[in-house]
Amino acid sequence: MINLEIPKKFGALVNQAHQAAAEIFRPNSRKYDIAEHEYPKELDIFAALLDGMNSSGEGGAGAGSVRRTEKSNQVRNGANMSIVLGAIELCWGDVGFLLSMPRQGLGNAAIASVANEEQLARFGKLWASMAITEPDTGSDSANIKTTAIKDGDDYIINGEKIFVTAGERSDAVVVWATLDKSLGRAAIKSFVVEKGTPGMEVVRLENKLGIRASDTAVIQFTDCRVPAANLLGDPDISQGFAGVMQTFDNTRPLVAAMAIGLARAALEETAKLLAEAGVEVDYDKPANQQHAAAATYLGLEADWEAANLLTLKAAWMADNSKPNSLEASEAKAKAGRVVTELTLKCVELCGSIGYSEHTLLEKWARDSKILDIFEGTQQIQQLIVARRLLGKSSGELK
Amino acid sequence: MVDRHKRDAMGIALAVLNRIAGARLVRRFGLEKPIERGIFHATRTGFRTLGAATRSFKAVSTIGKPARLPSAPERGLFDLTPDEDQQMIRDTVAEFAAEQLRPAAAEADTACKAPAELLGTAAELGLTVLGVPEDLGGAGSERSTVSGALIAEALAHGDMGLAVACLAPSAVSNALVLWGDGDQQGTYLPAFVGENVPAAALAILEPRPLFDPFELKTVARRTPEGYRLEGVKSLVPRAAEAELFVVAAALDGSPALFIVESTDVQIEAEPAMGLRAAAMGRLVLDNVTVARTALLGGGSKDVYADCVRLSRLGWCALAVGTAQAVLDYVIPYVNERVAFGEPVSHRQSVAFKVADIGIELDGMRLVTYRAASRAEQGLPFAREVGLARKLCADKGMVIGSDGVQLLGGHGFVKEHPVERWYRDLRAVGLMEGAVLL
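Protein chains in written order, with numbering that gives the first Met the number 0: chain A, 0 to 397; chain B, 0 to 436.
Source of the hints: derived by calculation from the structure; they are not laboratory data. All figures in this text were calculated on a predicted structure; none of them were measured in a lab. Incorrect hints may appear among the rest.
[As the list claims (entries may be wrong)] Chain B side only, calculated, beta carbon under 7 Å to chain A, not exhaustive: (1) Ser-70; (2) Gly-75; (3) Leu-209; (4) Val-366; (5) Lys-389.
[To be verified] Here are the computed lysine-lysine pairs in the DSS-like style, where the Cα-Cα straight-line distance is at most 30 Å: (6) B:Lys-64 <-> B:Lys-300; (7) A:Lys-284 <-> B:Lys-300; (8) A:Lys-271 <-> A:Lys-321; (9) B:Lys-216 <-> A:Lys-284; (10) A:Lys-8 <-> A:Lys-30; (11) A:Lys-391 <-> A:Lys-7; (12) B:Lys-300 <-> A:Lys-271; (13) B:Lys-413 <-> A:Lys-391; (14) A:Lys-149 <-> A:Lys-124; (15) A:Lys-397 <-> A:Lys-144; (16) A:Lys-271 <-> A:Lys-7; (17) A:Lys-321 <-> A:Lys-284.
[Said to hold, decoys possible] Computed footprint of chain A on chain B; a stretch qualifies when at least three of its residues, placed anywhere within it, have a C-beta under 8 Å from a C-beta of chain A: (18) 81-91; (19) 287-299; (20) 355-361; (21) 374-387.
Idealized CB from N, CA, C, for every residue including glycine.
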């Protein structure tokens with residue numbers, strides 16, 4: 000039965016997340032944008048609340064909820080849908096805060112996606128960040144140089160990771176490393192490294208354009224010894240890259256959801272300011288018969304609606320055990336470019352009110368850019384979508 | 000600037016020649032009708048004729064209360080799976096579109112006319128019957144705007160112009176189901192569920208820049224017997240052969256819908272950039288009188304607004320189908336076309352355009368489905384239609400343009416259908432009326 004409305008059963012979750020976003024995130028949003036690198040202690044209270052939400056009933060709002068469910072003949076709206084809905088609401092409040100939510104890191108999504116039951120029990124309660132990017136390796140993640148060499152019952156990790164979101168504040172880091180560089184992408188595995196493990200050190204925090212409430216760390220691994228049982232998923236090299244890449248099918252809709260929430264915040268603020276300026280948007284009147292600002296707004300909202308539904312579709316597919324690599328990338332590509340264009344256009348429409356720090360519009364226009372970059376840039380998403388649609392390998396379509 | 004042209008002797012001679020040449024246009028544009036009703040005078044695009052001879056619509060049954068389809072029940076879950084009936088209808092229509100519409104499209108585009116047998120098959124498929132309640136001889140048990148969208152999409156994948164021609168009668172029957180009173184339904188709907196479905200059309204658009212369907216220049220004036228209509232309607236599908244119209248006209252300053260039989264209207268061929276297979280024409284209402292019973296939906300503003308929205312929704316679904324046709328066509332082309340020693344699809348500049356078509360198309364589809372599913376569940380859907388229209392008009396046109404671009408010079412010539420889809424997709428942002436889900 001084709002229906003694209005959000006089921007009523009998510010009402011309580013959405014409402015809770017929205018209340019938190021409105022009462023905790025928004026009031027502190029500017030404060031930690033200015034005080035970059037300061038720990039937003041207000042989040043601790045809410046994180047405890049969220050733990051409660053996650054352990055109650057079906058699904059949760061946290062990154063750790065993205066684990067795939069068993070196949071069933073009944074249509075399901077489950078954990079992937081609820082995490083997307085939760086993220087939308089929270090990012091309506093503040094994206095930087097969502098990324099700084101204890102126990103809700105992208106590393107948690109990785110653990111949820113590929114960990115075995117034993118690992119899930121051991122790491123499921125940790126706050127885990129994700130370390131993939133290196134100084135010389137960005138989108139070409141198959142090319143990473145960080146090594147993990149087997150030594151008895153341990154692996155020894157060496158290398159440098161950059162752009163680790165929540166890298167300083169998290170309890171553990173999920174790090175991608177290669178078991179054997181000569182074997183290419185198949186030899187890439189992910190490891191959980193807990194904080195305090197000798198040889199892992201946070202060496203620097205970045206100063207950024209946006210999401211300044213979230214810490215972005217450079218982490219150095221020097222002969223860092225990790226138990227072999229911390230390797231996530233299958234240690235067999237033949238079961239390689241696809242395993243770690245599966246994380247992205249689950250996290251890309253999540254990042255798209257962040258973009259949806261942030262973009263909705265900008266749309267709502269802009270609609271309010273335009274109304275104060277005497278410009279109301281009419282959904283029936285032809286766009287070309289309306290004020291140019293209203294016509295522009297209609298276009299932005301239409302793009303937002305498309306991005307929103309693409310995101311929900313990707314989550315719905317995950318909940319129903321349908322392969323969704325294509326749809327996850329479509330959602331991420333669309334949401335990433337929409338949020339950037341949309342927030343920048345909202346600043347333009349609102350003039351000095353939008354550009355100055357009187358409102359959060361300028362901040363949102365800075366925060367948005369990262370959403371078209373991390374978890375795979377716009378260009379990487381286009382590449383993935385193109386390869387899928389055209390039936391091309393990564394060797395053919397580079 | 001507009002009137003700078005002053006006609007000289009040469010100009011007069013050319014104008015006469017043009018009239019003579021125009022006589023051939025009458026046949027080309029399919030204005031000949033079973034009963035020759037005479038030609039009035041030349042117009043810029045052809046000739047003005049009288050509307051088709053109308054069968055006599057008589058109240059077959061007086062059912063008193065109108066039969067309406069109840070709203071579909073509110074759904075519990077977010078779901079993108081068509082139900083079994085929808086799947087079957089969509090597959091059937093898709094097969095019809097692939098086997099009959101697509102092969103006939105180029106010729107129909109040139110001829111500005113859809114083949115009669117093809118329209119007959121479309122009627123046999125039950126495109127109008129599905130939306131008519133069982134009480135009135137149809138097959139509908141509840142509102143199914145989504146099914147309507149799926150059908151329009153599947154037809155437009157074959158050809159948008161032919162799809163519009165096939166769907167034109169259902170715009171009128173759907174309007175009668177949604178807003179007709181018992182007498183109106185009893186008089187007109189039986190013909191739409193019979194064997195010989197009449198050509199019919201919903202006429203809203205008027206010929207002027209920045210047309211707004213809520214600010215009509217076509218007016219209805221009250222007379223002792225009913226109403227007198229005056230004005231011009233533009234791009235009305237199958238205008239010359241249509242026996243019945245639903246016409247939008249301002250009554251006391253407020254837009255309303257009127258049922259108009261074709262007898263007293265005048266028709267001008269109005270071939271356009273695209274959608275030519277829909278045999279579009281202008282409807283000239285020169286003091287056409289209709290009875291008091293011709294007013295549809297009691298002249299309600301809400302009824303009219305819903306009519307405009309459900310029509311726009313139809314155009315969105317058509318855009319989705321044609322955009323999908325573009326994507327399906329360019330993928331094998333860019334994979335097979337070799338330049339610089341490898342398929343052009345190995346270049347990101349080409350491949351990313353294909354990716355963007357895929358991404359925007361899927362967005363268009365979901366936004367359209369959402370609006371349709373809200374409409375059938377009886378939820379407000381004005382916002383969703385407004386957004387769907389904006390999205391499908393903008394992205395649909397980009398897809399149409401990229402479809403030609405990806406084929407390069409080959410896209411510009413008529414050996415490939417992409418140039419036709421380019422012309423057709425331009426219509427989505429400006430059309431009002433003609434289809435109605």
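Decide if the proposed pair is consistent with the structure: A:Lys-149 and A:Lys-124, CA atoms, cutoff 30 Å inclusive.
-> holds, 27 Å
Below or equal to 30 Å on CA atoms is what counts here, so check B:Lys-300 against A:Lys-271.
-> holds, 27 Å
Is the Cα-Cα distance between B:Lys-413 and A:Lys-391 30 Å or less?
-> The given pair, whose Cα atoms are some 29 Å apart, holds under the 30 Å limit.
Holds or violated: is the Cβ of B:Val-366 closer than 7 Å to a Cβ in chain A?
-> holds, 5 Å
Do three or more residues from the stretch 355-361 of chain B put their C-beta atoms closer than 8 Å to C-beta atoms of chain A?
-> As far as the stretch 355-361 of chain B goes, the hint holds, because 5 residues have Cβ atoms under 8 Å from chain A.
Hint check: is the beta carbon of B:Ser-70 less than 7 Å from a beta carbon of chain A?
-> With Cβ-Cβ at 13 Å, over 7 Å, it is violated.
With a cut-off of 8 Å between beta carbons, are at least three residues of the stretch 374-387 of chain B near chain A?
-> holds (count 9)
Compare the distance between the alpha carbons of A:Lys-271 and A:Lys-321 with 30 Å, and conclude whether the hinted pair is satisfied.
-> Cα-Cα ~40 Å, so violated.
Taken at face value, is the distance from the CA of A:Lys-284 to the CA of B:Lys-216 at most 30 Å?
-> Between B:Lys-216 and A:Lys-284 the Cα gap is close to 16 Å, so the pair holds against 30 Å.
With a cut-off of 30 Å on the C-alpha distance, tell me whether A:Lys-391 and A:Lys-7 pass.
-> violated, 41 Å
Given as covered by chain A, does the stretch 81-91 of chain B meet the bar of three residues or more with CB within less than 8 Å?
-> Our answer is that it holds, as 3 residues pass the Cβ test (under 8 Å) against chain A, meeting three.
Under 7 Å, Cβ to Cβ, is where B:Leu-209 needs to be relative to chain A, so tell me if that hint holds or is violated.
-> Check passed: Cβ of B:Leu-209 comes within 6 Å of chain A, closer than 7 Å.
Of the numbered hints given earlier, the model fails hints 1, 8, 10, 11, 17, 19; all others are met.
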